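Student: Sequence:
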Amino acid sequence: MISISEEGYYGRFGGAFIPEMLHPNVEEIRKTYVEMIKDEAFQKQFRQLLRDYVGRPTPLFLAERLSEKYETNIYLKREDLCHTGAHKVNNTIGQILLAQRLGKKRIIAETGAGQHGVATATVCALMGLPCVVYMGAVDIERQQPNVSRMKMLGAEVRPATSGSQTLKDATNEAIRDWINNPEDTHYIIGSVVGPHPYPDMVARFQSVISEEIKWQLEAATGKSNPDLIIACVGGGSNAAGAFYHYLNEDNVRLIAVEASGLGVDSGESAATSVLGTEGIIHGSRTLLMQTPDGQIIEPYSISAGLDYPGIGPMHAHLIQSGRAEAVHITDREALAAAYDLSKREGIIPALETAHAFAALEKIAYQKSDVIVINLSGRGDKDLDTYIKHFEEFNE
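Following this note's numbering, the numbering of the sequence shown begins with 21 at its first residue and continues without gaps.
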């Protein structure tokens, strides 16, 4: 049985390891979010915004040409068609309503690929709240389209210039801001990471993905359970949403796809489930890439959203318990999968999502299987990277 304890643990992963100054904030969120999620008025407003603003339900698309290539039945959950271009907005809608209920007047967020930053800036504009997004200086350079979108939406984008200047460092800066402004500020964490209750809360907001998959698959195939669900995992919010309603369905294989960068053993990787050991990062106990004395090892991936030295505690538990299977995809494998999907189905995926498609080359399945891939984001933001590598993959 996969579940979370009252203290916020999935097995031995999770918990809340936080500075004393943030304890009142985290407790306030913990005491409020479950009551709020069960509240009919919240659910009505949340569902209405998901329908009328985000554009849900997103389609479940039978990818016929991809299915023909792999000789099986492949469906794509089209989260790339959400407003803002990725699944991230499901969570930011929920958390902005929470912030309003808590009486917070200022919003902060971290972002890697920029999709969570855009989703946060979007809901702040919708609700008329000021927004500061922390983003690694390296990611600002490689994700310029999303930086421009955040600014257009009225957000202030603050560069993180310490460490590797990527997602980890942006998260560090956001936490520092929260410590300095605990009374009026809500921190919208974008993934299933951080102190309890964030991993559970974000997973619940994203669970609309698997909720829809169930009835959509029933309508399409006559059964609500696929044989496999594939999703990319950095922190892991899109995977948590796609897996959520299948966590205790043992006949559904859960495939968690990590970025191995230049290779698991190259020293330039983000394959946390292989390279990580138990430790504490950003407020929770999980698997993370670290030296024997606990110093973070800088991750690497061509995709900014998977460039994180840890994974969410839910995914650490799923992988270590054997409930989920971890697959590791290199930069080149992800690029090849992205070009193939673009030409085969007319869909340009985000670089993060491309890793999930590359997993089809590495997993075993039957011709009769039904496979659902969570197409978590669209590739507009990554076009500069795709064009840079275009010639070598399209000779």
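Calculated from the structure, these hints are not laboratory results.
If you're wondering where the values come from, they're calculated on a predicted model, not measured in any experiment.
Just to be clear, a hint being listed does not mean it is correct.
Stated by the list, open to error - Each computed DSBU-like pair below joins lysine-lysine, with the alpha-carbon atoms no more than 35 Å apart:
1) K234 - K51
2) K387 - K363
3) K58 - K408
4) K171 - K125
5) K51 - K124
6) K171 - K89
7) K89 - K234
8) K51 - K64
9) K243 - K89
10) K64 - K382
11) K125 - K64
12) K124 - K89
13) K64 - K243
14) K58 - K382
15) K125 - K243
16) K124 - K243
17) K243 - K171
18) K51 - K89
19) K382 - K363
20) K234 - K387
21) K243 - K363
22) K387 - K124
23) K89 - K382
24) K243 - K382
25) K171 - K382
26) K408 - K234
27) K171 - K387
28) K51 - K171
29) K125 - K51
Student: If a hint holds in the structure, say so; if it doesn't, say that too.
Tutor: Each hint tested on the structure:
1. Restraint check: the Cα-Cα separation between K234 and K51 comes to about 30 Å, which is no more than 35 Å; the hinted pair holds.
2. A threshold of 35 Å between alpha carbons decides the hint, and for K387 with K363 the separation of about 23 Å falls inside it, so the pair holds.
3. Of the supplied pair hints, the one linking K58 and K408 is violated, its CA atoms being roughly 48 Å apart against a limit of 35 Å.
4. For the hint pairing K171 with K125, the CA-to-CA distance comes to about 19 Å; that is within 35 Å, so the pair holds.
5. At roughly 16 Å between alpha-carbon atoms, K51 and K124 fall within 35 Å of each other, so this suggested pair holds.
6. Note on K171 and K89: the hinted pairing is violated, with a Cα-Cα distance of about 41 Å set against a maximum of 35 Å.
7. With a CA separation close to 25 Å, the supplied pair K89 and K234 stays within the 35 Å bound.
8. Restraint check for K51 and K64: the C-alpha separation of about 20 Å stays at or below 35 Å, so the hint holds.
9. With a C-alpha separation of about 23 Å, the suggested pair K243 and K89 falls inside the 35 Å cut-off, and the hint holds.
10. At roughly 42 Å between alpha-carbon atoms, K64 and K382 are farther apart than 35 Å, so this suggested pair is violated.
11. A hinted pair counts as satisfied when its Cα atoms are at most 35 Å apart, and K125 with K64 qualifies at roughly 23 Å.
12. Using a Cα cut-off of 35 Å, the hinted pair K124 and K89 is violated, with the two alpha carbons roughly 51 Å apart.
13. The hinted pair formed by K64 and K243 meets the criterion: a straight-line CA distance of about 28 Å does not exceed 35 Å.
14. In summary, the hint linking K58 to K382 is not supported, as the alpha carbons are separated by about 40 Å, beyond the 35 Å threshold.
15. For the given pair, K125 sits about 45 Å from K243 by alpha-carbon distance, which is inconsistent with the 35 Å threshold.
16. A threshold of 35 Å between alpha carbons decides the hint, and for K124 with K243 the separation of about 43 Å lies outside it, so the pair is violated.
17. About 44 Å separates the Cα atoms of K243 and K171, which puts this hinted pair outside 35 Å; it is violated.
18. A threshold of 35 Å between alpha carbons decides the hint, and for K51 with K89 the separation of about 49 Å lies outside it, so the pair is violated.
19. Proximity of K382 to K363 is assessed by CA-CA distance (about 21 Å); at most 35 Å being required, the pair is judged to hold.
20. For the hint linking K234 to K387, the alpha-carbon distance of about 21 Å falls within 35 Å, and the restraint holds.
21. For the suggested pair K243 and K363, the alpha carbons sit about 30 Å apart, so the restraint of at most 35 Å is met.
22. Taken as a hint, the K387 and K124 pair is broken in the structure, with Cα atoms around 52 Å apart against an allowance of 35 Å.
23. Under the criterion of a C-alpha separation no larger than 35 Å, the hint pairing K89 with K382 is consistent with the structure, at around 14 Å.
24. This hinted pair checks out: K243 and K382 have alpha carbons roughly 26 Å apart, not beyond 35 Å.
25. A C-alpha spacing of about 40 Å is found between K171 and K382, which places the hinted pair above 35 Å, so the restraint is violated.
26. About 39 Å separates the Cα atoms of K408 and K234, which puts this hinted pair outside 35 Å; it is violated.
27. Distance hint between K171 and K387 is unfulfilled; the C-alpha atoms sit about 47 Å from each other, more than 35 Å.
28. Annotation: proposed proximity of K51 to K171 holds, straight-line Cα distance about 33 Å (limit 35 Å).
29. Taken as a hint, the K125 and K51 pair is honoured in the structure, with Cα atoms around 19 Å apart against an allowance of 35 Å.
The structure is inconsistent with the numbered hints 3, 6, 10, 12, 14, 15, 16, 17, 18, 22, 25, 26 and 27, although it conforms to all the rest.
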